[in-house]
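A.B. asks: Generate coordinates for the entire structure from the input sequences, incorporating the hints supplied.
There are 2 protein chains.
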Amino acid sequence: MSKIITINRQFGSGGRELGKRLAEELGYAYYDNEIITQIAGRSGLAEDYVSSIVEKKPIVYYPITIGRTFLAHTPAPVDFNTQIYSEQHNIIKELASKSDCVIIGRCADYILSEHDPFKLFVYADMPSRMERCRAKAPTDEKPLSDKQLARHIKEVDNERADYYKFFTGQKWLDAEHYDLMINTSRMVIKEFVPALATMIQNKK
Amino acid sequence: MSKIITINRQFGSGGRELGKRLAEELGYAYYDNEIITQIAGRSGLAEDYVSSIVEKKPIVYYPITIGRTFLAHTPAPVDFNTQIYSEQHNIIKELASKSDCVIIGRCADYILSEHDPFKLFVYADMPSRMERCRAKAPTDEKPLSDKQLARHIKEVDNERADYYKFFTGQKWLDAEHYDLMINTSRMVIKEFVPALATMIQNKK
Numbered sequence: 073m074s075k076i077i078t079i080n081r082q083f084g085s086g087g088r089e090l091g092k093r094l095a096e097e098l099g100y101a102y103y104d105n106e107i108i109t110q111i112a113g114r115s116g117l118a119e120d121y122v123s124s125i126v127e128k129k130p131i132v133y134y135p136i137t138i139g140r141t142f143l144a145h146t147p148a149p150v151d152f153n154t155q156i157y158s159e160q161h162n163i164i165k166e167l168a169s170k171s172d173c174v175i176i177g178r179c180a181d182y183i184l185s186e187h188d189p190f191k192l193f194v195y196a197d198m199p200s201r202m203e204r205c206r207a208k209a210p211t212d213e214k215p216l217s218d219k220q221l222a223r224h225i226k227e228v229d230n231e232r233a234d235y236y237k238f239f240t241g242q243k244w245l246d247a248e249h250y251d252l253m254i255n256t257s258r259m260v261i262k263e264f265v266p267a268l269a270t271m272i273q274n275k276k
Numbered sequence: 073m074s075k076i077i078t079i080n081r082q083f084g085s086g087g088r089e090l091g092k093r094l095a096e097e098l099g100y101a102y103y104d105n106e107i108i109t110q111i112a113g114r115s116g117l118a119e120d121y122v123s124s125i126v127e128k129k130p131i132v133y134y135p136i137t138i139g140r141t142f143l144a145h146t147p148a149p150v151d152f153n154t155q156i157y158s159e160q161h162n163i164i165k166e167l168a169s170k171s172d173c174v175i176i177g178r179c180a181d182y183i184l185s186e187h188d189p190f191k192l193f194v195y196a197d198m199p200s201r202m203e204r205c206r207a208k209a210p211t212d213e214k215p216l217s218d219k220q221l222a223r224h225i226k227e228v229d230n231e232r233a234d235y236y237k238f239f240t241g242q243k244w245l246d247a248e249h250y251d252l253m254i255n256t257s258r259m260v261i262k263e264f265v266p267a268l269a270t271m272i273q274n275k276k
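Listed in order, the protein sequences are those of chains L and G.
Here the working numbering is used: the first residue of the first sequence is 73, the next is one more, and so on.
Here the working numbering is used: the first residue of the second sequence is 73, the next is one more, and so on.
For the record, the hints were derived by calculation from the structure and aren't laboratory data.
Since we're looking at a predicted model, the values are computed, not measured.
Mixed in with the good hints, there may be bad ones.
The list makes no distinction among identical chains, and a pair is therefore deemed to hold if it is satisfied within one copy or across any two copies.
[As the list claims (entries may be wrong)] Computed cross-link-like contacts, EDC-like style, restricted to lysine to aspartate or glutamate with a CA-CA straight-line distance of at most 16 Å:
#1 K165 x E231
#2 K226 x E248
#3 K275 x D172
#4 K170 x E186
#5 K219 x E231
#6 K275 x D188
#7 K275 x D197
#8 K219 x E166
#9 K75 x E186
#10 K276 x E263
#11 K275 x E263
#12 K75 x E96
#13 K226 x D212
#14 K226 x E203
#15 K226 x D197
#16 K276 x D188
#17 K276 x D197
#18 K276 x E96
#19 K243 x D229
#20 K219 x E203
C.D. replies: Structure follows, in structure tokens:
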């Protein structure tokens with residue numbers, strides 16, 4: 073059975089960067105909601121499309137720009153549409169069955185529980201998250217005030233928690249649910265990823 | 073300024089074992105409440121005694137049996153006596169000023185905040201914790217039932233949370249407070265400690 077690492081994360085905490093670097097370090101595929109949404113969107117028959125992609129390239133890597141969804145003024149895409157959830161659910165199961173991978177969000181930790189994934193939660197203090205969001209925001213847009221940005225960050229997190237609760241019945245930010253919770257406020261992600269990869273490989 | 077790692081932990085989660093192995097891995101001193109209590113108890117003038125110990129051996133290592141306080145039926149020593157807290161507070165500051173060290177509990181993360189310690193929280197699910205407690209319990213004692221043991225474990229954790237809140241004003245199990253939270257339920261402590269030590273050294 074494939075080795076799976078799932079990452080739930082607070083908005084602006086660097087969860088995607090961590091996931092992507094971890095995938096590179098371990099030679100795993102990397103999937104996040106943008107990739108999964110693209111896959112679902114490209115074909116009316118999502119499953120066939122996924123199979124065709126995966127059969128050609130067992131290790132699937134979609135180069136994406138880290139931080140594309142750090143836009144300060146656009147809420148992260150959260151859609152409670154159960155049909156979309158159901159499509160993505162199937163895609164996630166299909167992708168996970170084909171190769172070792174890192175998956176960001178999308179309730180993947182719950183959907184893939186039979187794979188016994190290593191479950192990470194990535195978080196950070198508000199100043200760090202605001203700093204990261206500002207660094208990734210498009211330069212041609214008028215920046216939000218600190219108050220607006222902080223509020224936006226909290227809103228995205230609340231949406232994620234609600235989404236998770238809605239589809240899994242479980243609490244999103246529950247320590248007992250995760251194997252490791254990493255506060256990136258005082259850590260340099262690219263520097264600790266190799267050590268983190270080693271720790272993860274030590275799971276019983 | 074000395075490098076400090078502080079470990080707060082749920083009862084039965086292996087926090088001490090993790091701390092001791094981490095100290096050995098990094099070549100740090102290791103202190104827990106037993107050691108600090110011993111130091112405080114050995115001399116009426118705790119500070120002079122501490123200084124005399126530390127000046128002779130800058131890297132202080134007290135061989136203790138891991139798990140001595142895993143006794144299933146004896147509550148962990150929690151004393152809200154402010155005088156004892158004050159003595160231990162001074163001892164902790166003294167020890168931390170002399171060498172790099174790992175300190176278990178005792179609100180050390182709060183007491184030594186000016187050292188900017190790396191703050192760990194170690195936890196585990198209830199079955200793991202019960203298993204660990206049973207493995208460490210004295211064999212000549214009548215074992216507790218599962219229900220009694222689970223209750224005892226929760227009581228110890230509640231006491232720790234109360235102690236922490238009382239002396240620091242802060243919530244003990246608050247993710248934002250820690251740099252890393254490790255769930256030992258599905259990890260083998262001695263196997264991941266070297267990687268963890270490397271991660272810790274990457275703190276900004």
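A.B. asks: If a hint holds in the structure, say so; if it doesn't, say that too.
C.D. replies: Verification of the supplied hints:
Proximity of K165 to E231 under the C-alpha cut-off of 16 Å is found in neither arrangement, the shortest distances being 23 Å within a copy and 43 Å between copies. For the homomeric pair K226 and E248, the shortest alpha-carbon distance between copies (14 Å) is at most 16 Å, but the shortest distance inside one copy (22 Å) is not. In the homo-oligomer, the alpha carbons of K275 and D172 lie at most 16 Å apart inside one protomer (15 Å), although the nearest pairing across protomers, at 29 Å, exceeds that limit. In the homo-oligomer, the alpha carbons of K170 and E186 lie at most 16 Å apart inside one protomer (14 Å), although the nearest pairing across protomers, at 49 Å, exceeds that limit.
For the identical chains of this complex, K219 and E231 are neighbours neither inside a copy (18 Å) nor across copies (38 Å), given an alpha-carbon limit of 16 Å. For the identical chains of this complex, K275 and D188 are intra-copy neighbours only, at 10 Å inside a copy versus 29 Å across copies, given an alpha-carbon limit of 16 Å. In this assembly of identical chains, K275 and D197 lie within 16 Å of each other by CA distance solely across copies; the values are 15 Å between and 27 Å within a copy. For the identical chains of this complex, K219 and E166 are neighbours neither inside a copy (41 Å) nor across copies (41 Å), given an alpha-carbon limit of 16 Å.
For the identical chains of this complex, K75 and E186 are intra-copy neighbours only, at 11 Å inside a copy versus 41 Å across copies, given an alpha-carbon limit of 16 Å. In this assembly of identical chains, K276 and E263 lie within 16 Å of each other by CA distance solely across copies; the values are 10 Å between and 25 Å within a copy. Taking CA atoms no more than 16 Å apart as the test, K275 paired with E263 passes between copies only; the shortest distance there is 9 Å, against 21 Å inside one copy. Taking CA atoms no more than 16 Å apart as the test, K75 paired with E96 passes inside one copy only; the shortest distance there is 14 Å, against 31 Å between copies.
When the C-alpha separation of K226 and D212 is checked against a cutoff of 16 Å, the pair qualifies neither within a copy, at 24 Å, nor between copies, at 53 Å. Taking the shortest alpha-carbon separations for K226 and E203, only the intra-copy value of 14 Å comes in at or below 16 Å, while the best inter-copy value is 39 Å. Proximity of K226 to D197 under the C-alpha cut-off of 16 Å is restricted to the intra-copy arrangement: shortest distance 12 Å within a copy versus 29 Å between copies. For the homomeric pair K276 and D188, the shortest alpha-carbon distance inside one copy (10 Å) is at most 16 Å, but the shortest distance between copies (32 Å) is not.
Within a single copy, K276 and D197 get their C-alpha atoms only as close as 31 Å, which misses the 16 Å cut-off; across copies the closest is 14 Å, which meets it. In this assembly of identical chains, K276 and E96 lie within 16 Å of each other by CA distance neither inside one copy nor across copies; the values are 22 Å within and 23 Å between. In this assembly of identical chains, K243 and D229 lie within 16 Å of each other by CA distance solely inside one copy; the values are 12 Å within and 21 Å between copies. In this assembly of identical chains, K219 and E203 lie within 16 Å of each other by CA distance solely inside one copy; the values are 13 Å within and 47 Å between copies.
Violated hints, listed in ascending order, are 1, 5, 8, 13, 18; each of the other numbered hints is respected by the structure.
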